[in-house]
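Undergrad: Chains Z and V, in that order, give the protein sequences. If you read the first sequence in UniProt numbering, its first letter stands for residue 1, the second for the next number, and so on. If you read the second sequence in UniProt numbering, its first letter stands for residue 1, the second for the next number, and so on.
Be aware that a few hints might be false.
Heads up, the list lumps identical chains together, so a pair's fine if it works in one copy or across two of them.
[Claimed, not checked] Lysine-lysine pairs mimicking DSBU-like chemistry, simulated, CA-CA at most 35 Å apart:
1. K171 - K329
2. K340 - K171
3. K340 - K324
4. K32 - K324
5. K329 - K340
6. K91 - K324
7. K329 - K91
8. K32 - K171
Don't read these hints as lab results, they were simulated from the structure.
Number of protein chains: 2
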Amino acid sequence: MERITVTLGERSYPITIAAGLFSDPASFLPLKSGAQVMVVTNETLAPLYLNPVRAILEHAGIIVDQVILPDGEQYKTLAVLERIFTALLEKPHGRDTTLIALGGGVIGDMAGFAAASYQRGVRFIQVPTTLLAQVDSSVGGKTAVNHPLGKNMIGAFYQPASVIIDLDCLKSLPPRELSSGLAEVIKYGIILDYAFFVWLEEHMDSLLALDPDALSYCIRRCCELKAEVVAADERETGLRALLNLGHTYGHAIETHMGYGNWLHGEAVAAGMVMAAHAARRLGQFSADDLLRVTGLLARAGLPVAGPEGMAPEEYLPHMMRDKKVVSGKLRLILPQGLGKAEVRAGVPDDIVLASIADCRT
Amino acid sequence: MERITVTLGERSYPITIAAGLFSDPASFLPLKSGAQVMVVTNETLAPLYLNPVRAILEHAGIIVDQVILPDGEQYKTLAVLERIFTALLEKPHGRDTTLIALGGGVIGDMAGFAAASYQRGVRFIQVPTTLLAQVDSSVGGKTAVNHPLGKNMIGAFYQPASVIIDLDCLKSLPPRELSSGLAEVIKYGIILDYAFFVWLEEHMDSLLALDPDALSYCIRRCCELKAEVVAADERETGLRALLNLGHTYGHAIETHMGYGNWLHGEAVAAGMVMAAHAARRLGQFSADDLLRVTGLLARAGLPVAGPEGMAPEEYLPHMMRDKKVVSGKLRLILPQGLGKAEVRAGVPDDIVLASIADCRT
């Protein structure tokens, strides 16, 4: 079992990584007998994990309610969020309740924002079941829902009480979802850790084959990196913005294509290639490194170009709604070689447009 | 001009109270030329205040957008909240925007929650135009929308950057709204300040006649009391709960009757009388004090009984969804004589029911 701490003063919390956590009652401590919890999950995951998790909790004397949402990014809306509040109020759950987010990034983001907002804040536990949620979205307290005009535009910084990562979940993950998670994994290598990028080049086949040791190391390393960044800059005033490599382009793809048509990691993969092209055009990223990035993403089963038929000009209005825009000026995350990145304001529009055109299919 | 500070470390902020603030550009400092703001107001207030406020801001070089919501507690919903986000994204507004809540408690609660949630948090300024918002809801950072199953169930603790109280607003306030605000004013006397209660008994006629000196003193005293309570207990782990005197009963009335049919202060007035009856039945509130409370509320034009036809049993399910419920146990705010109150758990259901029956019309 691996245990990492996200260090945030009195809001610090542990990330536990191991196989078989869902069959170990200790996983969900410090929930105590008599406590009330609401498990938030979706229609795809409920048949796989809900009963074992309920059984473990109920065995410990915990009162378990559940709300099962439809599956998909297109349901990450205020309207679907309201269903969580309705479920909580129907029972009713008090301020001392705990929400358990059992699912991928969409469930984690929604249950987290529901926990931040229900009665102005209740406790929640992240139980990520996808690679993407395990390595990225479940750690660090970013919660949100989408708006038709922009992804993750409505939300809160709100930290979980703990993160419980059961490696067994990945056995039933569809290959496209695994690849989507690998996009965020590769991102850490590009922006923060060249040695990890090299490790990924060496172990991509093992990861795709779900080798337990490779997965365990990979998830731990990503969580370590994320925990360090979040501890240093919880509310994204600086360093944390680097974790958005590829996301400004990627969110434009997700919003333009309709939420759920491109998986988040797929859009981020294409976006990272675009950012690499922008960096190359600005003279801070070599053609060799660009080939290594596109090569590794492609091996992970990810797109390295934007959607067919989406013109470069169609990216810009979406990109201007990015949360990193300040005083109407776009700020992009750009790699500076492999293992290092920067937040860069004032990249000219023609470079941005060219970087997108560089990646058209 | 009166100025009070709400002391919350780096999130401290000023409350400014005076006549004529809307015609003084200095009121909206530290907004600077080039800043982007979104004024949130409603259909009733827009014709009264929007143009002067816009003019002052635009004169200072600030870029002003506006969103005008329908007027009434029944519109304090997630669906109407989404209109604020849409207005922000259509322009688009970045993380460096400022929301200005120009209105009563409903506008302040909604614009505040929108500010807490838009891009995970932007700045906002409270500009309360009703007595209720000026003495209570605009100060202290409680923001929320309602759910059909419970009032203020979805929200955040999120402090404004400043509170601007222009006393001239009260000249155009409908009498029923003035009375509603006086309910919260009288509340401060009952729970925290006997001398202020006596002052209110002596000056109620002046307040109802909108005497400027009386209003100015009254609003300042309420803001001082609220600022002290909030500074001591921002997130309502103890002392702050006292500000909810009458609210557990009152929220039940508002929810049962349909939001907007009883004004918030009207429901709180009836609820305070019920709480006083419960306290009397528990031997901690005299019949004389009860008469003084009902007498003062009645003079302020407020109901001292619940809605006709709402049976005591109909209050309880709503009351059990109160945010002060812990482990399924109701906690009530009860006065202990005039000027002092307590949070009390374990009040027997029959006392609660009897306290409601004591106040039936």
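Undergrad: Each of the hints needs a verdict: does it hold here or not?
TA: The hints, checked one at a time:
1. K171 - K329: Close neither inside one copy (43 Å) nor across copies (43 Å); limit 35 Å.
2. K340 - K171: within (32 Å within a copy, 61 Å between copies)
3. K340 - K324: Within one copy, since 19 Å is at most 35 Å while 49 Å is not.
4. K32 - K324: between (41 Å within a copy, 20 Å between copies)
5. K329 - K340: within (23 Å within a copy, 54 Å between copies)
6. K91 - K324: Intra 40 Å, inter 15 Å, cutoff 35 Å: inter-copy only.
7. K329 - K91: Classified as between: cross-chain Cα gap 14 Å, same-chain 47 Å, threshold 35 Å.
8. K32 - K171: within (30 Å within a copy, 55 Å between copies)
Hint compliance for this structure: hint 1 alone is broken.
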